[in-house]
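Make a model of the complete structure from these sequences and hints.
There are 2 protein chains.
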Amino acid sequence: MDTQQLAQAPHDRLAAYLGKDLEQVNALIRARMASEHAPRIPEVTAHLIEAGGKRIRPMLVLAATHLCNYQGARHHHLAATVEFIHTATLLHDDVVDESQQRRGRATANLLWDNKSSVLVGDYLFARAFQLMVECGSLRVLDILSNASATIAEGEVLQLSTAQNIDTTEDQYLRVIRGKTAALFSAATEAGAVLAGAPEDHVQALFSYGDALGVSFQIVDDYLDYGGAGDAIGKNIGDDFRERKVTLPVIRAIAQADSEERAFWARVIGKGVQNDGDFAHARALMTRHGTLESTRREALAWSDRAKAAIALMPDHDIRDMLSDLADYVVARLY
Amino acid sequence: MDTQQLAQAPHDRLAAYLGKDLEQVNALIRARMASEHAPRIPEVTAHLIEAGGKRIRPMLVLAATHLCNYQGARHHHLAATVEFIHTATLLHDDVVDESQQRRGRATANLLWDNKSSVLVGDYLFARAFQLMVECGSLRVLDILSNASATIAEGEVLQLSTAQNIDTTEDQYLRVIRGKTAALFSAATEAGAVLAGAPEDHVQALFSYGDALGVSFQIVDDYLDYGGAGDAIGKNIGDDFRERKVTLPVIRAIAQADSEERAFWARVIGKGVQNDGDFAHARALMTRHGTLESTRREALAWSDRAKAAIALMPDHDIRDMLSDLADYVVARLY
Chain A
1 MDTQQLAQAP
11 HDRLAAYLGK
21 DLEQVNALIR
31 ARMASEHAPR
41 IPEVTAHLIE
51 AGGKRIRPML
61 VLAATHLCNY
71 QGARHHHLAA
81 TVEFIHTATL
91 LHDDVVDESQ
101 QRRGRATANL
111 LWDNKSSVLV
121 GDYLFARAFQ
131 LMVECGSLRV
141 LDILSNASAT
151 IAEGEVLQLS
161 TAQNIDTTED
171 QYLRVIRGKT
181 AALFSAATEA
191 GAVLAGAPED
201 HVQALFSYGD
211 ALGVSFQIVD
221 DYLDYGGAGD
231 AIGKNIGDDF
241 RERKVTLPVI
251 RAIAQADSEE
261 RAFWARVIGK
271 GVQNDGDFAH
281 ARALMTRHGT
291 LESTRREALA
301 WSDRAKAAIA
311 LMPDHDIRDM
321 LSDLADYVVA
331 RLY
Chain B
1 MDTQQLAQAP
11 HDRLAAYLGK
21 DLEQVNALIR
31 ARMASEHAPR
41 IPEVTAHLIE
51 AGGKRIRPML
61 VLAATHLCNY
71 QGARHHHLAA
81 TVEFIHTATL
91 LHDDVVDESQ
101 QRRGRATANL
111 LWDNKSSVLV
121 GDYLFARAFQ
131 LMVECGSLRV
141 LDILSNASAT
151 IAEGEVLQLS
161 TAQNIDTTED
171 QYLRVIRGKT
181 AALFSAATEA
191 GAVLAGAPED
201 HVQALFSYGD
211 ALGVSFQIVD
221 DYLDYGGAGD
231 AIGKNIGDDF
241 RERKVTLPVI
251 RAIAQADSEE
261 RAFWARVIGK
271 GVQNDGDFAH
281 ARALMTRHGT
291 LESTRREALA
301 WSDRAKAAIA
311 LMPDHDIRDM
321 LSDLADYVVA
331 RLY
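Chains as they are written, first to last, in full-length UniProt numbering: chain A, 1 to 333; chain B, 1 to 333.
A portion of the hints provided could be inaccurate.
Sample of chain A residues facing chain B (criterion: CB under 10 Å; computed from the structure) [claimed, not checked]:
#, residue
1, Pro39
2, Asp113
3, Ala126
4, Arg174
If you are wondering where the hints come from, they were derived from the structure by calculation, not from laboratory data. Cβ coordinates follow ideal geometry from the N, Cα and C atoms, glycine included.
Right, dumping it as structure tokens:
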């Protein structure tokens, strides 16, 4: 590996390694998002799919199938499937969150309307299942239908945990599995199953995807309180203003005395926030070591991802996936 | 068949015949709409599922499997699948249409919120696919994923045909197939496939479900202009006020002179409606024989449904399905 390669982010190295496959996946995505009769569908889909997402989920599928020496031709279908499921959930998320921006562009619900986002999302979800059926594996279908249920359940759970200061760490973990880890782990597990990998490799790839996704989401939630602001590409304090009950908040509340608890009940539970409240929240988190323990939690999940993938045979892709688990937590430093 | 049975509506006779199976389907629906972690899910689902729908789609599945002498135990899963897909589309429809009432009760989007309706719909759709995977047939999965895509595509198409006076009969047919016929025909076709029926029986049951659904929807659209009002359980003129371009409108526009075309462009295209416009629309439809030709179209589809089912072997259920095709158009008289 030369210096230039080392300097590249691991997902860019993966993209370079999987280049030809990714092109075919993109061609398949474009072909399948077409609708002869309802031109609104490809318009809305293209707006989101061509906006330059990293295609991390299709890459996880392709990485898993390569790592398991898959010789067939259905991995592109599986990769397109997970991207469609992801895109469908983004369309619905933006309706649910009333979002205005995604990937630096106006959201579909703003450019068209909520109706189009809901229905085009449904269409993409159905298209995903069609592609999956073409993979010809009931076990792959089982994995992805379970992941879809976990995603939706996590989203509904999030509706009731938001603004609820009694949210537990177990509930938080369910929410972030639905948000990120369920589709990551389904991508890597289904890739291994499609390749006919032995059970211990299937399990290793499942655990890798799950731990990578959980780690990624905890880092995101850490940075909203512990980050430096503009360097992280999102506004620090957004979660606080939106009254999300994330891990740093849950752990700060767990250690709160009665006065602190009244503070959290006011700013998160009731949503009454004044100048200086966000700084006070951060100060409480520092006092109780909450930010540091959240950071350690993210690192522990990253370590689990690396340990899981270490069980796989020696392979360039294995090393890139391991580096990806490091990269995800590099934002913590 | 005694007099009492003859007096019953065919779907009530079907429900009586399939009683034990329907109970098991209802038990399965209740079990699978549960969510251990997000209680909002069964609350929203129960509101709609327990509201006393006729379970016509699960009955079509069970009727098809019985008619094809199915001996297995997965027909309940298939029947629950189609009811879940149907319920998911109702939840999303009510968000898209901003509906306030469904089956005589306040809609979920009104009682909870749009977010819950979107996400619980997604959850039920995922649950439907899980149930389908348990049926263990890739061909059944293929049929139902295709139907799901047709449903969503029809809904998106409807967004662009609404208020568009250039809508063609072909587009209209696609919209109503998405709205009703696609899931009817998927229910009967998938039932036959699950039962391992010969191809001509699979095709017959597909055609029956398709024609029954198309007929049903054309009758609905006829009654909105040609009906007698309160006898039909919906307000006459609703489609006109909502500027829907249904078959009676398409055929009236096809025969319009330039003055009449300007009328349709104003009331449907621009949505400028004054007192007396609805009566004038009905008068134009009578003048051009549009209502009569719409009525004949519905009857022709009902006949197609009966012709398709006539190919099946002699069976009580075959006769009830045939009667159901008559019953659907009986509202025309």
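Structure-based check of each hint:
1. Pro39: 8 Å, holds
2. Asp113: 8 Å, holds
3. Ala126: At 4 Å from the nearest chain B Cβ, A:Ala126 passes the 10 Å test, so the hint holds.
4. Arg174: Cβ of A:Arg174 sits 6 Å from chain B, so the hint holds.
Checked against the numbered hints given earlier, the structure satisfies every one of them.
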